[in-house]
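There are 2 protein chains.
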Amino acid sequence: MSDERDPPLPGLWLAEEGPEQDVVVSSRMRLARNVDGYHFRSRFRDGEGERLEQYLHGVLTEVDPSFTYLSLADTPQTLCEVLFERHIVSQEHVTAQHPRGVAYTNDGTTSVMVNEEDHLRIQVFGPGLDLETLVANVDDLDDRIGERVDYSFTPRHGYLTSCPTNTGTGLRVSVMLHLPALSYRPDNSRPGTQGIVKVHNAAQKLGLAVRGMHGESSRAEGDFYQISNQVTLGRPSSQAIGDLLDALPQVLLYEREIRAALLKDDRTRIEDTVWRAWAVLTNARQITSAEALSLLSSLRLGVCVEMIDGVGLGTIHRLMIAMRPGHLQRRAGSELKPEDRDIVRATLIRDTLLGTDGN
Amino acid sequence: MSDERDPPLPGLWLAEEGPEQDVVVSSRMRLARNVDGYHFRSRFRDGEGERLEQYLHGVLTEVDPSFTYLSLADTPQTLCEVLFERHIVSQEHVTAQHPRGVAYTNDGTTSVMVNEEDHLRIQVFGPGLDLETLVANVDDLDDRIGERVDYSFTPRHGYLTSCPTNTGTGLRVSVMLHLPALSYRPDNSRPGTQGIVKVHNAAQKLGLAVRGMHGESSRAEGDFYQISNQVTLGRPSSQAIGDLLDALPQVLLYEREIRAALLKDDRTRIEDTVWRAWAVLTNARQITSAEALSLLSSLRLGVCVEMIDGVGLGTIHRLMIAMRPGHLQRRAGSELKPEDRDIVRATLIRDTLLGTDGN
Numbered sequence: 003m004s005d006e007r008d009p010p011l012p013g014l015w016l017a018e019e020g021p022e023q024d025v026v027v028s029s030r031m032r033l034a035r036n037v038d039g040y041h042f043r044s045r046f047r048d049g050e051g052e053r054l055e056q057y058l059h060g061v062l063t064e065v066d067p068s069f070t071y072l073s074l075a076d077t078p079q080t081l082c083e084v085l086f087e088r089h090i091v092s093q094e095h096v097t098a099q100h101p102r103g104v105a106y107t108n109d110g111t112t113s114v115m116v117n118e119e120d121h122l123r124i125q126v127f128g129p130g131l132d133l134e135t136l137v138a139n140v141d142d143l144d145d146r147i148g149e150r151v152d153y154s155f156t157p158r159h160g161y162l163t164s165c166p167t168n169t170g171t172g173l174r175v176s177v178m179l180h181l182p183a184l185s186y187r188p189d190n191s192r193p194g195t196q197g198i199v200k201v202h203n204a205a206q207k208l209g210l211a212v213r214g215m216h217g218e219s220s221r222a223e224g225d226f227y228q229i230s231n232q233v234t235l236g237r238p239s240s241q242a243i244g245d246l247l248d249a250l251p252q253v254l255l256y257e258r259e260i261r262a263a264l265l266k267d268d269r270t271r272i273e274d275t276v277w278r279a280w281a282v283l284t285n286a287r288q289i290t291s292a293e294a295l296s297l298l299s300s301l302r303l304g305v306c307v308e309m310i311d312g313v314g315l316g317t318i319h320r321l322m323i324a325m326r327p328g329h330l331q332r333r334a335g336s337e338l339k340p341e342d343r344d345i346v347r348a349t350l351i352r353d354t355l356l357g358t359d360g361n
Numbered sequence: 003m004s005d006e007r008d009p010p011l012p013g014l015w016l017a018e019e020g021p022e023q024d025v026v027v028s029s030r031m032r033l034a035r036n037v038d039g040y041h042f043r044s045r046f047r048d049g050e051g052e053r054l055e056q057y058l059h060g061v062l063t064e065v066d067p068s069f070t071y072l073s074l075a076d077t078p079q080t081l082c083e084v085l086f087e088r089h090i091v092s093q094e095h096v097t098a099q100h101p102r103g104v105a106y107t108n109d110g111t112t113s114v115m116v117n118e119e120d121h122l123r124i125q126v127f128g129p130g131l132d133l134e135t136l137v138a139n140v141d142d143l144d145d146r147i148g149e150r151v152d153y154s155f156t157p158r159h160g161y162l163t164s165c166p167t168n169t170g171t172g173l174r175v176s177v178m179l180h181l182p183a184l185s186y187r188p189d190n191s192r193p194g195t196q197g198i199v200k201v202h203n204a205a206q207k208l209g210l211a212v213r214g215m216h217g218e219s220s221r222a223e224g225d226f227y228q229i230s231n232q233v234t235l236g237r238p239s240s241q242a243i244g245d246l247l248d249a250l251p252q253v254l255l256y257e258r259e260i261r262a263a264l265l266k267d268d269r270t271r272i273e274d275t276v277w278r279a280w281a282v283l284t285n286a287r288q289i290t291s292a293e294a295l296s297l298l299s300s301l302r303l304g305v306c307v308e309m310i311d312g313v314g315l316g317t318i319h320r321l322m323i324a325m326r327p328g329h330l331q332r333r334a335g336s337e338l339k340p341e342d343r344d345i346v347r348a349t350l351i352r353d354t355l356l357g358t359d360g361n
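Chain order of the listed sequences is S and X. Positions 3 to 361 (my numbering) are the ones given, in order, by the first sequence. Positions 3 to 361 (my numbering) are the ones given, in order, by the second sequence.
Be aware that one or more of the hints could be misleading.
In silico DSSO-like pairs for lysine-lysine, Cα to Cα no more than 27 Å straight-line [claimed, not checked]: (1) 339/X <-> 266/S; (2) 339/X <-> 339/S; (3) 266/S <-> 207/S; (4) 200/X <-> 266/X.
Source of the hints: derived by calculation from the structure; they are not laboratory data.
Throw the hints in and build the complete structure from the sequences for me.
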């Protein structure tokens with residue numbers, strides 16, 4: 003099938019503008035759904051996974067003929083890596099071995115994983131904070147699939163899911179926040195006095211989780227944090243979103259206030275950090291992913307507080323994805339050793355920020 | 003005395019070109035001399051220091067009317083710091099309390115300390131490596147002073163000095179070397195395998211000392227090392243210089259060979275180091291002296307191997323002195339707290355390297 007050999011890549015929606023983008027990088031909603039009459043994935047009988055994937059492939063193609071559908075068993079590892087780095091599939095979905103697939107739209111804002119932890123994981127994404135639009139989009143897609151599929155559902159428990167924490171609405175809302183000021187700890191201050199610690203504590207009381215981009219629970223790489231609802235059982239989806247919507251304005255206000263205070267009280271240090279980040283990003287000849295993320299975070303702060311102009315947030319977001327190993331290897335057209343990735347990454351960042359990259 | 007209130011500063015000869023400057027930053031010769039009929043400084047009787055200083059002040063003004071002579075007791079601390087940072091006086095000479103002084107030429111290549119460890123410390127400096135010229139200059143000055151002063155001298159011991167290691171010729175020759183390649187230690191290599199360790203060991207056998215710019219014996223700040231002869235007792239000055247002259251070509255060759263090998267085998271890493279140094283030096287808003295020295299060292303290597311152009315070695319050498327605390331405070335016209343010095347230093351370096359500094 004030629005459409006599987008050269009499938010269109012999902013678009014980099016993260017490079018678009020979105021509301022509240024000085025603090026909110028992106029938002030995601032996902033629904034967990036299972037199909038009545040099939041066992042949960044961990045209890046598939048012989049051949050059940052193949053049958054279900056084939057069935058859902060057909061359903062999804064009917065629901066939206068513009069979907070690109072990939073059976074991951076037939077998909078090259080390099081492409082799977084790229085899809086993972088664009089948030090279209092989870093890491094577990096890439097590394098699994100059973101029959102499984104993914105459908106996505108060309109703009110990359112919608113994907114449906116088939117046979118992940120649940121039979122269906124319906125995901126919608128958007129830049130910045132616009133949960134209302136995401137709710138509308140994910141509900142619409144959920145309805146259109148639900149017209150064709152019998153979901154596992156009981157009036158008492160709601161949607162049944164493989165893991166009980168998802169049962170009920172099956173909804174998880176995650177918002178990626180950039181909190182450099184809340185993460186900032188002045189020299190000589192006591193450990194644990196940063197604002198981010200207070201955010202963690204407050205979020206926990208609301209049943210919200212705060213994690214680093216890569217799951218860290220303390221100070222996150224690049225000061226990027228995901229905040230998400232946790233338990234969906236027994237709560238209507240509106241309430242899960244409501245708790246997040248109630249908490250977010252506080253976090254945003256808090257981050258913005260500390261940014262303003264830092265700019266007032268510690269401007270030279272912030273300028274130093276921002277300009278060093280710009281300097282190294284545009285001059286390094288080799289750079290690790292962790293260092294680059296940390297410097298892009300500083301640069302992002304510089305752009306948000308208007309210290310740096312000529313660089314858009316979209317460019318920074320695009321780099322955050324394009325500099326990851328799968329994207330670098332796809333760009334290079336071959337597998338790369340880590341030290342060679344560091345060189346290709348430095349070149350990509352330099353060329354992109356200095357505007358010599360046609361990509 | 004108005005000439006002591008606004009004395010001309012000694013010139014920054016280090017910003018001039020010199021032979022072998024890719025490796026040799028500068029050379030210095032000094033002679034230790036004492037005056038017959040006076041006690042060594044540590045044994046001065048009441049009033050002896052004043053009398054000797056007055057006497058030698060007169061002698062030096064006769065020897066070279068163009069000398070600027072400063073009695074350090076009457077010299078502001080800020081000016082003393084500047085003289086120290088230009089190598090005109092030693093740290094001990096600045097902080098001492100007894101009657102003492104210094105004479106220097108306008109170009110800063112010659113100075114004579116009065117009542118330092120010995121009654122007279124005659125010093126000549128030059129950029130790069132040109133010991134023959136320095137010998138001629140220091141001998142000439144020594145002769146002209148010796149015509150007017152009875153030196154403490156015995157045929158058996160030579161010139162008598164306060165510390166026995168200087169007795170004999172009283173000559174110390176020091177050469178400041180920039181050895182980034184010999185100091186370079188690739189990741190994962192065993193400690194102590196750098197070339198600089200071999201240089202240390204070889205130098206020791208020749209009775210030569212290798213020290214960091216600030217006296218460190220292992221890897222030096224900025225990879226700047228002083229190599230000097232040690233014992234002068236019982237050896238003619240020609241031999242002390244001879245040993246150094248014998249050893250230096252080996253060290254220079256060794257450093258150059260490793261530079262060439264690194265550029266061949268590890269070019270990306272060297273480019274990365276050089277360009278990051280340039281980037282941070284031209285963008286930082288605050289920078290410590292230690293970080294700046296280390297980055298200037300990398301930049302210097304980049305200039306020597308022609309990776310960076312548009313920056314002269316003289317500019318780097320000038321910055322190495324102008325960024326020191328005394329110079330920064332003189333520039334600012336007031337005492338500066340260390341954190342404020344870091345800001346003024348960053349501005350000076352940025353403006354100088356980007357060519358917006360008129361100084």
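Each hint tested on the structure:
A distance of roughly 20 Å separates the Cα atoms of residue 339/X and residue 266/S; the hinted pair therefore holds under the 27 Å criterion. The hinted pair formed by residue 339/X and residue 339/S fails the criterion: a straight-line CA distance of about 47 Å is larger than 27 Å. With a C-alpha separation of about 32 Å, the suggested pairing of residue 266/S with residue 207/S is violated against the 27 Å cut-off. Our distance criterion of 27 Å between C-alpha atoms is met by residue 200/X and residue 266/X, whose separation comes to about 22 Å.
Going through the hint list in order, the structure does not satisfy hints 2 and 3.
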